[in-house]
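**Student:** Following the hints, position chains B and C against chain A.
Next come the chains, spelled out residue by residue.
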Amino acid sequence: MANNKSFSEDLDKIREKSPLVHSITNYVVMNFTANTLLAIGASPVMAHAPEEMEEMVSISSALVLNIGTLSNKWIESMHIAGKTAKKQGKPVVLDPVGAGATSMRTRSAHELLDEIKPEIIRGNASEILAVAKSRVSTKGVESTLDAEEAVEIAKELAAKTGSVISISGKTDFITDGENIETVEGGDPLMGRITGTGCAASVLTAAFASVNKNYFMAATKAMMAMGAAGEAAAREADAPGTFQIKFIDALYKLDL
Amino acid sequence: MANNKSFSEDLDKIREKSPLVHSITNYVVMNFTANTLLAIGASPVMAHAPEEMEEMVSISSALVLNIGTLSNKWIESMHIAGKTAKKQGKPVVLDPVGAGATSMRTRSAHELLDEIKPEIIRGNASEILAVAKSRVSTKGVESTLDAEEAVEIAKELAAKTGSVISISGKTDFITDGENIETVEGGDPLMGRITGTGCAASVLTAAFASVNKNYFMAATKAMMAMGAAGEAAAREADAPGTFQIKFIDALYKLDL
Amino acid sequence: MANNKSFSEDLDKIREKSPLVHSITNYVVMNFTANTLLAIGASPVMAHAPEEMEEMVSISSALVLNIGTLSNKWIESMHIAGKTAKKQGKPVVLDPVGAGATSMRTRSAHELLDEIKPEIIRGNASEILAVAKSRVSTKGVESTLDAEEAVEIAKELAAKTGSVISISGKTDFITDGENIETVEGGDPLMGRITGTGCAASVLTAAFASVNKNYFMAATKAMMAMGAAGEAAAREADAPGTFQIKFIDALYKLDL
Numbered sequence: 001m002a003n004n005k006s007f008s009e010d011l012d013k014i015r016e017k018s019p020l021v022h023s024i025t026n027y028v029v030m031n032f033t034a035n036t037l038l039a040i041g042a043s044p045v046m047a048h049a050p051e052e053m054e055e056m057v058s059i060s061s062a063l064v065l066n067i068g069t070l071s072n073k074w075i076e077s078m079h080i081a082g083k084t085a086k087k088q089g090k091p092v093v094l095d096p097v098g099a100g101a102t103s104m105r106t107r108s109a110h111e112l113l114d115e116i117k118p119e120i121i122r123g124n125a126s127e128i129l130a131v132a133k134s135r136v137s138t139k140g141v142e143s144t145l146d147a148e149e150a151v152e153i154a155k156e157l158a159a160k161t162g163s164v165i166s167i168s169g170k171t172d173f174i175t176d177g178e179n180i181e182t183v184e185g186g187d188p189l190m191g192r193i194t195g196t197g198c199a200a201s202v203l204t205a206a207f208a209s210v211n212k213n214y215f216m217a218a219t220k221a222m223m224a225m226g227a228a229g230e231a232a233a234r235e236a237d238a239p240g241t242f243q244i245k246f247i248d249a250l251y252k253l254d255l
Numbered sequence: 001m002a003n004n005k006s007f008s009e010d011l012d013k014i015r016e017k018s019p020l021v022h023s024i025t026n027y028v029v030m031n032f033t034a035n036t037l038l039a040i041g042a043s044p045v046m047a048h049a050p051e052e053m054e055e056m057v058s059i060s061s062a063l064v065l066n067i068g069t070l071s072n073k074w075i076e077s078m079h080i081a082g083k084t085a086k087k088q089g090k091p092v093v094l095d096p097v098g099a100g101a102t103s104m105r106t107r108s109a110h111e112l113l114d115e116i117k118p119e120i121i122r123g124n125a126s127e128i129l130a131v132a133k134s135r136v137s138t139k140g141v142e143s144t145l146d147a148e149e150a151v152e153i154a155k156e157l158a159a160k161t162g163s164v165i166s167i168s169g170k171t172d173f174i175t176d177g178e179n180i181e182t183v184e185g186g187d188p189l190m191g192r193i194t195g196t197g198c199a200a201s202v203l204t205a206a207f208a209s210v211n212k213n214y215f216m217a218a219t220k221a222m223m224a225m226g227a228a229g230e231a232a233a234r235e236a237d238a239p240g241t242f243q244i245k246f247i248d249a250l251y252k253l254d255l
Numbered sequence: 001m002a003n004n005k006s007f008s009e010d011l012d013k014i015r016e017k018s019p020l021v022h023s024i025t026n027y028v029v030m031n032f033t034a035n036t037l038l039a040i041g042a043s044p045v046m047a048h049a050p051e052e053m054e055e056m057v058s059i060s061s062a063l064v065l066n067i068g069t070l071s072n073k074w075i076e077s078m079h080i081a082g083k084t085a086k087k088q089g090k091p092v093v094l095d096p097v098g099a100g101a102t103s104m105r106t107r108s109a110h111e112l113l114d115e116i117k118p119e120i121i122r123g124n125a126s127e128i129l130a131v132a133k134s135r136v137s138t139k140g141v142e143s144t145l146d147a148e149e150a151v152e153i154a155k156e157l158a159a160k161t162g163s164v165i166s167i168s169g170k171t172d173f174i175t176d177g178e179n180i181e182t183v184e185g186g187d188p189l190m191g192r193i194t195g196t197g198c199a200a201s202v203l204t205a206a207f208a209s210v211n212k213n214y215f216m217a218a219t220k221a222m223m224a225m226g227a228a229g230e231a232a233a234r235e236a237d238a239p240g241t242f243q244i245k246f247i248d249a250l251y252k253l254d255l
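Protein chains in written order, with the working numbering: chain A, 1 to 255; chain B, 1 to 255; chain C, 1 to 255.
Please note that a few of the clues may not be correct.
Since copy identity is lost for identical chains, a pair holds within one copy or between any two.
Said to hold, decoys possible - Distance condition first, Cα-Cα at most 25 Å in a straight line; then the derived DSS-like pairs of lysine-lysine:
| hint | residue 1 | residue 2 |
| --- | --- | --- |
| 1 | Lys170 | Lys17 |
| 2 | Lys252 | Lys170 |
| 3 | Lys117 | Lys212 |
| 4 | Lys133 | Lys87 |
| 5 | Lys86 | Lys117 |
| 6 | Lys160 | Lys117 |
| 7 | Lys13 | Lys86 |
| 8 | Lys252 | Lys86 |
| 9 | Lys155 | Lys73 |
| 10 | Lys13 | Lys133 |
By construction, these hints were calculated from the structure, which means they are not laboratory data. Source: prediction; values computed, not measured.
Only chain A is shown next, with the shape it has when bound in the complex (with noise of 0.2 Å):
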């Protein structure tokens, strides 16, 4: 199980090589995610553009594909730097922000995981429910909205495709297969600004380029997640103030 020594250890491995995360996410959330990178040691890069997916993946240490907001040419994109990273040994994160809102969405983040194999799918229980559809025979796919309900739902998911599952809630869940591991920790108010989930993704990839214990790093990821939640709310009861203390909290992170 992780504990705060090889989370530590970890965290001191992001701040000293400083990986270079890319990025191909929604506007919405860019700027923080991209704070939030820097915030907590690693470095940022956005592109898109598939005429530089292969070169840009080639310089990066991971790799995140959030489909926030979707067009057809950014989902093009996202299957050359997913293939590229995949070929290069380079852990893929797949955020399926909105799977299950709309069919381009479910559709978009079933093909990412069939063709790329993430590594690591990171979500909200019902992201993560929509993505495990028609996959996962397990009862109440069709129903289940509670994360504690859906970890084993995801538990399923994991050991079918391999990759590890993390459910970001009240408590998170990751899960690879075999294994669930729980994270407490966090505060309301990350619900109430944009792009926190979004922020867990990025952490992800950063902890996932300095440890190939996948399970063990999206576990950390949601730790520091959870710390750093913690940090903001002790000096913050509004979401404005929270935004900024928690980009302060990753930075002074020290478990």
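**Tutor:** Relative to chain A, chains B and C alone:
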């Protein structure tokens, strides 16, 4: 006339129902307006792919069309989304950012006005005048730049189109073609951060999603802006801090 | 050499005239650079549709071309906007973000350099070196990564192209091909938030819009960055707060 009691009732409804507001908006303000909606208690979604417009509108309670960073593709999506919203009886707020600055913007605003017939148009005086041009016979459209003079033109535009017109400025004016409501408040620092007008538009959509009297909804949104702006200004003497305190103030709003 | 008096005069002109600066820039920093311009007293506009480039440039006082999140469509718009600005005698600032990282970026930077001949190019040392490659004969282009060594290459590039070159780093170097100006100041936290370089580019455009001596304008923009960075660092010990205080400091700037 909107008073504090009816304002509080609508604010409570937003906080209770957390209506999903779908924005097709400009890149510059997406993070800020998403956080604006979360702060007031609503839920934001941003999506622009034509393929998912109908589904996204179908799960939303209101739609914002903001032409701040236009492209032909996005205009196409705005029309699809707008028509879907109208078919489903969901309020559409048009924010004609920069109408008058380029012919593409003026034309796009006119086409959205004519084809979608938005429930509410919110802009500053010069944008509203640009929209009114060739739609309104009142003299002075060519030269007027003062909000107080613009309101008569806006009133005629509202009467002719059936859209409620909301003009933001030092004093805000809202008209349904018969009545004119004025809202005082705010602070000059609101003009020193980007996206204040766009924030007013998404708040207008949030209030319109809980109050079918769109004249009242538009007025209450400007009351929220004014009150939050004043509260933020009490804690900030410069625009960086102001932006943060404005979000905090919306969250804490209790007229 | 730039002194505090001439700096203050140009700053006053920006605050008085509020020049409109048109940016075609990357998605990540749009909100931050728009707020940077508003804080210093200028006005931002972002637009990228080829159809409105000529009109938008016509009402603007300066143009920023930033290749941070490129696509072929946007490059096309950059060329239209750049040519229009040159025809109208308006200063163009090129920010070759990530030049050297991918061949698409390097090629785009070279094409913009050759075809638009920007008045000022602002980047970090490695970006400037990537732009200089194949344009400058000086040995060391291949390997040099140090700002102080890069400045000689930049000087040759400036002499050959006629563009003022502004290299940001711990010490900033500005050269017109004959003279070299250095600017100290700033803070390491500037490297821990995204968009500091992009902010320097829009400030460079703002100063260039009020001072036709582009060597001086570029220098003064870096003086503003340095002074605001130092002021922000006095009030912040982490990057979230730093970003906010940096905007505040630009607003309060009074060297």
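**Student:** Would you mind marking each hint as holding or not holding in the structure?
**Tutor:** Cross-check of the supplied hints:
1. Lys170 <-> Lys17: Classified as between: cross-chain Cα gap 20 Å, same-chain 31 Å, threshold 25 Å.
2. Lys252 <-> Lys170: both (23 Å within a copy, 23 Å between copies)
3. Lys117 <-> Lys212: within (16 Å within a copy, 47 Å between copies)
4. Lys133 <-> Lys87: Cα proximity of Lys133 and Lys87: none, with 28 Å in one copy and 30 Å across.
5. Lys86 <-> Lys117: within (8 Å within a copy, 40 Å between copies)
6. Lys160 <-> Lys117: within (11 Å within a copy, 50 Å between copies)
7. Lys13 <-> Lys86: within (22 Å within a copy, 48 Å between copies)
8. Lys252 <-> Lys86: neither (33 Å within a copy, 47 Å between copies)
9. Lys155 <-> Lys73: The answer is neither: 32 Å in one copy and 40 Å across copies each exceed 25 Å.
10. Lys13 <-> Lys133: neither (37 Å within a copy, 33 Å between copies)
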